[in-house]
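Protein chains in written order, with the numbering used here: chain X, 26 to 459; chain R, 5 to 299; chain W, 2 to 292.
Take the hints with a grain of salt, since some may be wrong.
Chain W side only, calculated, beta carbon under 10 Å to chain X, not exhaustive [to be verified]: (1) 97; (2) 127; (3) 241.
Since the hints were made in silico from the structure, they are not lab data. Glycine is no exception: its CB is placed at the ideal position from the N, C-alpha and C atoms.
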Amino acid sequence: MNKRLVSLSILVFLLMVTVLGCSSKTESTNTKDGSKEVTIDFAVHVANPKDQEPAFYQMVEKFKEKNPEIKINLIGTDQKEHIKNMKLKAQSNTLPDIFWILPASAKELEEAGMLLDLSPLLKDKKVDPDKFHASMIDTYNLDGKQYGLPYQALVTGFWYNKALFDKYNLELPETYEDLKEVTKVFKENNVTTIAKGAKDPYSVWAFLTMFSRFGYFDEIDQILAGKESFNNDNFLKLYEKIDELAKLGAFPPNVSTLSYFQAVEMFLNGEAALLDAGVWETQKIQESALAKDAGLWWGPTFSDGVGNQNLSSVVPAAPLVVNKKVKEVKGKYAAIEKFMEFYYSEEGAQIMLDNQVPPIIKYAGEIDRAANPVFAKVVEAMNDPEWESQPNQPDLIVSEAVGNAIYDSIYGVINGIYSPKEALDVVDKKISSQ
Amino acid sequence: MAHVEVQRQSNVTLKHLKSKKRRSHLGGYLLIYLITFVVMIPFLWMLLLSFKTNSEILNSPFSLPETLSFQNYQKAIETLDILLMYKNTFIIAGITIVGQIIITFMSSFALSRMVFKSKKLKSGLNFYFLLGLAIPPFILLFPVYRLTIELGLMNTHASLVLPYIATSISFNSLLFIGFLKGFPKEIEEAAIIDGCNLFSLCRKVVLPMIMPVVATIFIFNILYVWNEFPFAVTLISDESLSTIPLGISEFKGRWSIDYGGIIAASILIMIPQLVFFGFFQKYIIEGMTAGAVKG
Amino acid sequence: MIWLSKKRYKFLMILPSLLLYSTYIILPIVIAFYYSLTKFTGIGTPEFVGLSNYQLLFEDPLFWKSLKNTIIVLGFTIVVLLPSSFLLALLLNKKMKGGNVVKALNFAPAVIAPILVGLIWVFILDPEIGFINVFLTKIGLEELALKWIGGETLTPYSVGLVESWRIVGFIATIFLAGLTTIPREIYEACEMDGATSLQKLFFIIIPMLNETFKINTVLIITFCFKIFETVIQLTNGGPNHLSEVLVTYMYNITFISSEYGYGMAIAVVTFVITILFTGIYLMFTKKEIES
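Next comes chain X alone, as it looks inside the complex (with noise of 0.2 Å):
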């Protein structure tokens, strides 16, 4: 009778222990030593990456194809998920062999002495550095230690929309003077001038270039030192010109709660003439009806602005980067060498091309103009010898605690809840803090 309770018990332990027991033995048939084959693990922050990064999808495939002794073992997860499951992994030490990761989180990797140095990769020429565009490889070295190659090129900037300018007799704008001027004309109309959406407080990239057009790589390690303060003259300019786009009406007026799906949304379906974006766009504005009548503009200029105005945006997005215990495992790393070196060819460039992202070594390869017209604006847009493109996204240097700030400073301006003043005093509170 209580046999019966305690054989109970039991049972429910035995079932647990069999179920643990039986699972774990499938996972160590995964046998890492075979003799030819070699298995990466590729962790990537989409969860289908066929569908949503088809040109890294598909230069996984081609690489396969030409080095069938190699099995790349894809593991997608949702970008927020991705970041997270990383940190997870660094904790206790599991991390893949080579994943994409966020700027601040990979130098934090490379603090804690978890990634392989890359350099090898550089000085042999297997990945030769002189074809990289500027500030793409320097990004991601520090002491002389190569932790990680950006992802793919991170171009961003204000799609327009030149059938909605042309309806009301506007030229489009170059300097900030021309963008208030528009915006009035658009607002009389309903038209809004700037498509965007707080509720994805990263969709701020031409603004971040305009951080740059005051002065912001001349003043940031300053600033983060704790020497200078975010909250000066030049931040607070560029902040009063935000307040008074967002005064005009240049943006939705609810703003507050769109996202940065039904901005695009909006942009595409003619209601907004430009859109704060990247080049990740192109397919999809390409497919549209606006297909003729888009391009890439870099933002405006600014006559009280420092230094440089003609700053266009073509900076290192983030890095993919390799886990430091790849060596331990024989021909994994000669695998990975392998790959990067696949990645950065010519021949990697030209699958980037087919799929309308931006190459990240200088390759002019083959556009077909006719049938991608917007994606050759884009390129021209990035080859224009005037301008030059900032060394870097002004938040991809600072910590994300920081970069997030930034971002709620500025939509905090745009969404009427700070003051210039107090939104740059939110940045300063964030790194003092840290």
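Use these hints to put chains R and W onto chain X, whose structure you have.
For chains R and W alone, kept in the frame of chain X given last:
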């Protein structure tokens, strides 16, 4: 619902009340159908949205779809290995629920019906088991991940089963203990005098009488497992073990969301749940009345 | 019962739950508390900083704002949800055509993926494009077209409304389970006595469901302190964190801003506040019953 049946069979004297009852019931029916309809509006609307393209969804959410296109469904089926996901979810849900009902019933029975010398120990344990309800989500992720690795369970069904059972303990204890407290002592004592031991007392007397509670716990937890995302996405990276909630995230890119795909996929995921819920609830309540009559 | 209450039995009955629960649920709280005393980005070694995260917390206006929002959501949800789900359960308890279908349908909102709950309700609540305001403007009640979400004050109420909609079937199901455990004889007895429906409700059903009411209130309280996805999907805490609730704020700090130590401090405080609220409620009801 079922009790009305019992009344009808057993109680002839109530017959004259029936016609009066019917009339008042009619208002009740209308009310309940109305409420159900209101609750369902967003759901029906979602059904409508599932036939629209992504930009139609965002641009004109209220209009009727221009054409009845099954494209979203087609895409959902192509993208997701739905059968595999169902299989994994079923395995995990099955083990989780059987395991948790057995162990939480045992502990709740002990904490509500059995005699403790120290009252403090009893109420202390009671309180301890309820603490889990107050735990904010996400703080479990790091430690559970670590634990899973230490136990060598990474990428196994068990890696999810154990935390699922653990997180259900508080909720189950709240329900079980709450309902067991009110269980009539006399029935229990009669059973013991009849020679029941602890095991048969639980199985043959107590459990059948609290079947509605078991059913409730069963339903809630199966739905919890069915929809649980944070643990699944953290602990499962092997595609062949992927569960249903992971499917939805397949439609979210870094800078794009395929709402059409998400809606279609979640409708495909939801319908079995609702069928299950309707079917199971009926079955359990019928089982309950049968058990009660016998006991 | 005393005959069967041997120590060994009790121990064996409780052990499996206790073991699993302690390792998977209680241990993580202890760990979270440890991290809350450190400065940590999630990578590398945590740096011990004592109670400074807690100090930071008390001076953080956004923490207080999210606490206030959480309490508004809680108050609103209890007031709306408790009566409506009870009413729903009473209605569902009748025998009717398609009863099971109706029950299942009322449960439907609880199984919709949160991302879609957000999508649908944004289309209803958005101040510009949302159904409510478009409708109000059309019938000439523009002054009633408020900023249901995206403004500075109303979002928590909207969150409460959406959450109530989402789990009304869930809570009603527990009431229903309670209703079905009331012995039939009691209904029959009072029907014989000629009690009216209302009398039956207030003198028989509600007192008999005392324990169920308690369970549901505890569930709603703890549930409200855990609301996450709805806020993320409706406003993402915006504008500028003004509609943040405790859990979303914690998530934001921990995973988006990578301030793990500070995030865990918020988590620990949230945990304690939830226990306090639940504890106060339980004490209050206990006294009431005794008196």
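Status of each hint after checking the structure:
Evaluation of the residue 97 of chain W hint against chain X yields a violated restraint, the C-beta minimum of about 40 Å exceeding 10 Å. Interface hint status for residue 127 of chain W: upheld, as the beta-carbon distance to the closest one in chain X is roughly 5 Å, under 10 Å. About 5 Å separates the beta-carbon of residue 241 of chain W from the nearest beta-carbon of chain X, less than 10 Å, and the hint is met.
Checked against the numbered hints above, the structure breaks only hint 1 and satisfies the rest.
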